[in-house]
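These protein sequences, in sequence, are chains R and W.
With the numbering used here applied, the first sequence covers 1 to 114.
With the numbering used here applied, the second sequence covers 1 to 115.
Don't read these hints as lab results, they were simulated from the structure.
Fair warning: there could be bad hints in the mix.
Only pairs whose alpha carbons sit at most 27 angstroms apart, straight line, appear in this in silico DSS-like list of lysine-lysine [said to hold, decoys possible]:
hint, chain 1, residue 1, chain 2, residue 2
1, R, K36, R, K71
2, R, K36, W, K42
3, R, K19, W, K22
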Amino acid sequence: DTAVSQTPKYLVTQMGNDKSIKCEQNLGHDTMYWYKQDSKKFLKIMFSYNNKELIINETVPNRFSPKSPDKAHLNLHINSLELGDSAVYFCASSRGGSGANVLTFGAGSRLTVL
Amino acid sequence: GENVEQHPSTLSVQEGDSAVIKCTYSDSASNYFPWYKQELGKRPQLIIDIRSNVGEKKDQRIAVTLNKTAKHFSLHITETQPEDSAVYFCAASRRGGTSYGKLTFGQGTILTVHP
Numbered sequence: 001d002t003a004v005s006q007t008p009k010y011l012v013t014q015m016g017n018d019k020s021i022k023c024e025q026n027l028g029h030d031t032m033y034w035y036k037q038d039s040k041k042f043l044k045i046m047f048s049y050n051n052k053e054l055i056i057n058e059t060v061p062n063r064f065s066p067k068s069p070d071k072a073h074l075n076l077h078i079n080s081l082e083l084g085d086s087a088v089y090f091c092a093s094s095r096g097g098s099g100a101n102v103l104t105f106g107a108g109s110r111l112t113v114l
Numbered sequence: 001g002e003n004v005e006q007h008p009s010t011l012s013v014q015e016g017d018s019a020v021i022k023c024t025y026s027d028s029a030s031n032y033f034p035w036y037k038q039e040l041g042k043r044p045q046l047i048i049d050i051r052s053n054v055g056e057k058k059d060q061r062i063a064v065t066l067n068k069t070a071k072h073f074s075l076h077i078t079e080t081q082p083e084d085s086a087v088y089f090c091a092a093s094r095r096g097g098t099s100y101g102k103l104t105f106g107q108g109t110i111l112t113v114h115p
């Protein structure tokens, strides 16, 4: 069983389109994240949710809207896609308490905007 | 906010040699320092971590050292093998408040181990 699964794995789309990436974790973790990895491999946090509540929003354009219907799911919707949005988006999760910083990553979703 | 600098950006070693990657951080309140390994096209995976109340931690061929005063920490890999080839990321974070669970990553080090 995959602990943190995200779909789709690859996404190729045109500028201006709207797309979504879904993430689910079966680890029973309380906190979920979206990280962006750019073409230079730099990993940067975008959002984190704890028990469905937004905790961190790292000055991400409001074209990006995360949604957490329950603590096992965190989806990312992106409106009006731009060339600069091309990246690999990683979902991650962690448990609470002393394990809050220990992240388990999903396999990543490679988004290419043409 | 936190800023993590990682060096070198690339590291090439012969199989069996040791490899050392160094990171510095800026936020003196950071108290958790993990290292992640990312193979080509794969997800980052935690390989070792250290908390601020410990100066050194070892797990088989890998070890991490932390100098809180100087705000730097290092990853040491001994007896390197070709399968150690990957991108390695250091990170720093602090628990609690609005930084809950947030990791600030270094820029990554591409390690290549030549057979």
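A quick look at each hint next to the structure:
1. R/K36 - R/K71: With Cα atoms ~20 angstroms apart, R/K36 and R/K71 stay inside 27 angstroms; holds.
2. R/K36 - W/K42: This hinted pair holds, its Cα atoms lying about 14 angstroms apart.
3. R/K19 - W/K22: violated, 38 angstroms
When the structure is compared with the earlier hints, a violation turns up for hint 3 alone.
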